[in-house]
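Each chain, letter by letter, is given below.
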Amino acid sequence: MKRYLARRLLLLVPVLAGVSIIIFMVLHLSPGDPVEIMLGAQATQEDRLRLRADLGLDQPLHVQYVRWLGHVVQGDLGRSLWMKRPVLAEVLLRFKATLILTGTALLLSTTVGLALGVASATRPNSLLDRVSAMASLFGASMPSFWLGIVLMVVFALQLGWLPASGMYAPYGGGDLPDLLAHLILPAITLAAASVTIIARLTRATMLETLGQDYIRTARAKGVVERAVVLRHGLGNALIPIVTVIGVQAGYLLGGAVLTETVFAWPGVGTLMVQGILARDFPLVQGCVLVVALSFVLINLAVDLLYAWLDPRIRYE
Amino acid sequence: MILTMWLVLLTVILGIGLPSAAAQPAGTLVVGLVAEPVNLDPAQVTDLNSNRVGRRIVETLVTFPDESTQVVPGLAESWTVSRDGLRYTFKLRRNVHFHDGTPFNAEAVKDSIERQINAEHPFHKLGKYPFANYFFGNVKAVEVVDAATVEFVLKEPRASFLAVLTAGAASIVSPTAVKKLGTDYALSPVGTGPFKYASWERGQRVVLEKNPTYWRFPVKLERVVYRPIVEDQARLTELLTGALDLIVGTPPDYVGQLESNPKVTLLKQVGAHVWYLGINNQKKPFDDKRVRQALNYAVNKEAIVRDVLKGTGSLSAGPVLPKTWGADAGLKPYPYDPERARKLLAEAGVPNGFSTTLWVPESGSGMQSPVAMSTVIQSNLKAVGVNVALQTMEWGAYLAKLRSKEQELFALSWMAGNEDPDMVMYPLLHSSQWTPNGPNRALYKNEKFDELLHQARLTTDDKKRADLYRQAQRILVDDAPWIFVDHEIQTAAHVKRVQGFKLHPSFDLRVETISLK
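Order-wise, the sequence lines are chains E and P. Residue numbering for the first sequence follows our numbering, starting at 15 and increasing by one per position. Residue numbering for the second sequence follows our numbering, starting at 72 and increasing by one per position.
Next up, chain P with everything else stripped away, as it sits in the complex:
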């Protein structure tokens, strides 16, 4: 009986003929993601894959141009900031509609933000908002002045507030849709963006259709299909056979192969990201600045970027992305100088080195190749007498363990989403952000540095602000609270029919600029 079943199967296959891995229907772009989105409401997710899809559907008041992370108008046409830095007034674009026909206006802006921070708001219970405190804890009220004017009132000034409003969490959602869909809103969101939600088959694909009345420009694609493919080789094969048009996050080992393949184009773009080896600044012997500097001299960052990352990283001299407005152009990365490292260790009273533990997650968003990178660091440190025991952990377990404050050395990264120094320095290094209250897991504290960051938040003049950040960075590099390693160079590869695509420094995946040949 089984045999006959097989015969039937075979005949069916041979009779009908196998469909070849043919190109997609006209106007359909197929994108390979490294994991499936969690949900599509950017205010309710923290992962990159969800954001990359969800942010095609919803938009923010202010946004970035296609090549940088400097703030430009989005759903708001213009804005003014009160002299005391406490009131941000936005003039909204008129005649913009959500995909469900609801007009975009000041009420929608108010609802979108207040659902996250106001426990009394009718939408509050419909979701979990991970950024409510982090981004909007400082918002006292969102006031509707008239249909096309909205005002944010802050509890205390925060000069980076416009940068905050570019975040996915600040997306403006259709209030009608949230009311109608309830908790399911997160699975099929409604916004003003270039694409609208069409369908989602779990584990297989998310399909977005073009918004034919998009206010900014006519969208050339008919639809985008996102497929989650976890296995690197499978994603690569699908691209090379033309079943996928675009992939992001190519593993470093495949970069050379893609670069030399005439069928695909490989793109690279440094992102607002930093990969660092955190040092517990409160534990002996790391509480001595000279020891931390020694560790920085001991690590061969060039070798890591060249051999492990295959060029998908750029050397880091600190947390701020080089060549952005807040960066100090005078700062150079610590050079690789094991001799100097040994000398500093001797000065610090540990001439024969010491033993320590390095915690490393096996993988994680923005972590690049954590284990391979940490292994190089381990051997570099051994060369100057520091014996490092490597302890690898699964991401979820790792995050929990970092709250114990028992860490000595730990590998971590941060994607700020934009280039404002406040978005990376304040959370990771200000002493008010010590874990478990914030993400300062190196337990770094320097009063002068704290004060500079605080002053910068109160300063609305961008030139003065940049100057304060430069001073802060110089302190930081001297204090060396981390081993500064690299800023990720994102990679994407697409087949030749894809035209007009650029990687964005914010790690967003702006497929709306694409047309298909």
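One chain only, chain E, in its complex shape:
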């Protein structure tokens, strides 16, 4: 187990190196450069060349990359070209907000998805099953920015129940109820698509599991239906579901960019969008690296969960 963990953690290095090379290339090869945006339309060619040299952007790409990597290895993600602040501190600060949002969305999609899936599977073709199938189709086909705006118009503008955007009240506030009130709409928006995926998969796997011999045996032995469904049924159906939840966690982290933009949520997604528009290379690289790292760690956590859920699985 320990060796397995060590091996997996070691694998992080090539994965992150690969991610960083790809993002570095994509950023530097896409048209437009940070100097253009920093200096504006009135700048002279001389101004631009000087700033390019100051920022080291006139060096060949591989030299720039190696220099950047050299700093990263020492835990220094550089300074944002644009905000002039250390990237690492900035990204971690914003990552906290993203974690709160995606964590809540994941909790929401998992509980609702599991509950819906199990309920549909135990009463296939019932009204609940059909409604849930319909709702799923709806949930999966709605783009999150659209759903977000609809929720905002209904619950903030029309009903006035919830604040429309931000993470805390503009001034004062800052306590837990304030945070929760601001969290509800973006979390629902972000969770919508995942709920349906988890619900559909849970339903399918549960239907299959509930048709197994050991379920019939359990029922024949007189085990209460609740225990049959939850312990014998769900317990054994969990492996594929956990896999999907793991994938969804990653998807939510990435999908947070749109939701954060719609709701002015101060997370790493809005930071990344600002960074991309300003061609702030170190900042975007920092954001992507942190998101990629958490994606890989989530996957690792899912793999470790398997062993706990199914004692037959052993890592050698």
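Quick caveat, the hints were computed from the structure, so don't treat them as lab data. These figures come from a predicted structure and were not determined experimentally. Even for Gly, the Cβ is constructed at its ideal location relative to N, Cα and C. Among the clues, some could well be false.
Computed footprint of chain E on chain P; a stretch qualifies when at least three of its residues, placed anywhere within it, have a C-beta under 8 Å from a C-beta of chain E [claimed, not checked]:
(1) 214-227
(2) 244-258
(3) 291-300
(4) 310-322
(5) 501-510
Assemble the complex: chain E is given as a structure, and chain P must be docked to it using the hints.
Same frame as chain E, now just chain P:
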């Protein structure tokens, strides 16, 4: 386990009760910005949002009154200009202090400008100064005569130099603060303005507190909170629910909705701005004046302003804002006349029209609704036989591409910050400013026009200067180096408790005039 977590969460929510989107604490104004400021040192930024916040903190030697962009005293009480136009001597206001207690004096003025242009200055390395060459390239030295007198020595005369000194880049900063904060100065600047920097939570808000000893007038607000909200609908909802007091840059489609809403007041004010469709004057067939005039006749500007911009633009007859001192009142916008356009094209030897490409940025500061506006232009031009392929680009990529000189038609805008014709005509149309050395991306060149602009820079008599600019504008309209489209009418909306707010033609956002009911 997850279920119990949810139950706990629910109980917390229900138990404590949700805070409603209540009004702000007394004296607190909450402003919605379309994007987060980059930093708050106006000498180091080029974007509107940063300037709108930063200029509450720092001030300039000369400034504008609340309704126009004519130069009036600011931190300088008075000034004299030497007869040769090379020396500007300013008498500074006494007993003004920066927010950190440092006295405002001639040394501070010298440091504020020299940090940008003098590579040897100890502050030079602490920032990037995008306007150093553009605004102060002509400054030979800033000399301290005595504590309350400072003199700018120019390399060559520039009659618009006072207008230059109203720019954010000419703000006077506290030298003590720059010394102390280094590069971080840009994040928490210290000036003499009506508000002082209080805090900045990235992605959430910038908070400014009132300067209780502001030299000009007692500030009525306690503090201003700026929130960046990119999504238009979110900004609008926050305003209508009272969570925001003031928003600027309302998208045209929301103008009608805001106008008819009894909870808010919508303000409009034409700004020192021009939106134009640049034409590459060096490329065939655009090197023929008649072709460029034809394009101007072919475009239905009224329809663009009415239907796309919903009235948030005023027709343009040239780069200079109408009804300002340098404008030629006799100039009329090109009328919409497709018949005449076809005739001119035939005269120019392209009776069957031609095909061309129009580059358009998806968005950008001052670009209004670039894609929708360009689409109307595209269909107008098709009607006279000019087939236009529309190519949209992201702003950063677009700016870089415009340096290639390969553009044929391109949509662009310019905010001069004030009404001095020199601030818009010279950079955009003088031949010394051809891209990549300057912002003349239409590659326009007319020697007579160049000479008039040059003469105007040397002329200190405002009447004579205005006359030179009028001649230049007449040449320009005839040469038609661009399709002249519109000047933006800025919009802002505020809730009823906001009193005494006016939009400023310079696009500045002067919240210091506000009191809350």
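We went through each hint and held it up to the structure:
Only residues whose beta carbon comes within less than 8 Å of a beta carbon in chain E count, and the stretch 214-227 of chain P has 0; fewer than three means the coverage is violated. By the rule of at least three residues with a Cβ nearer than 8 Å to a Cβ of chain E, the coverage given for the stretch 244-258 of chain P holds, with 4 such residues. Here the stretch 291-300 of chain P counts 5 residues with a CB under 8 Å from a CB of chain E, which clears the bar of 3, and the coverage holds. With a threshold of 8 Å between beta carbons, the proposed coverage of the stretch 310-322 of chain P by chain E holds, since 4 of its residues qualify and at least three are required.
With a threshold of 8 Å between beta carbons, the proposed coverage of the stretch 501-510 of chain P by chain E holds, since 4 of its residues qualify and at least three are required.
When the structure is compared with the earlier hints, a violation turns up for hint 1 alone.
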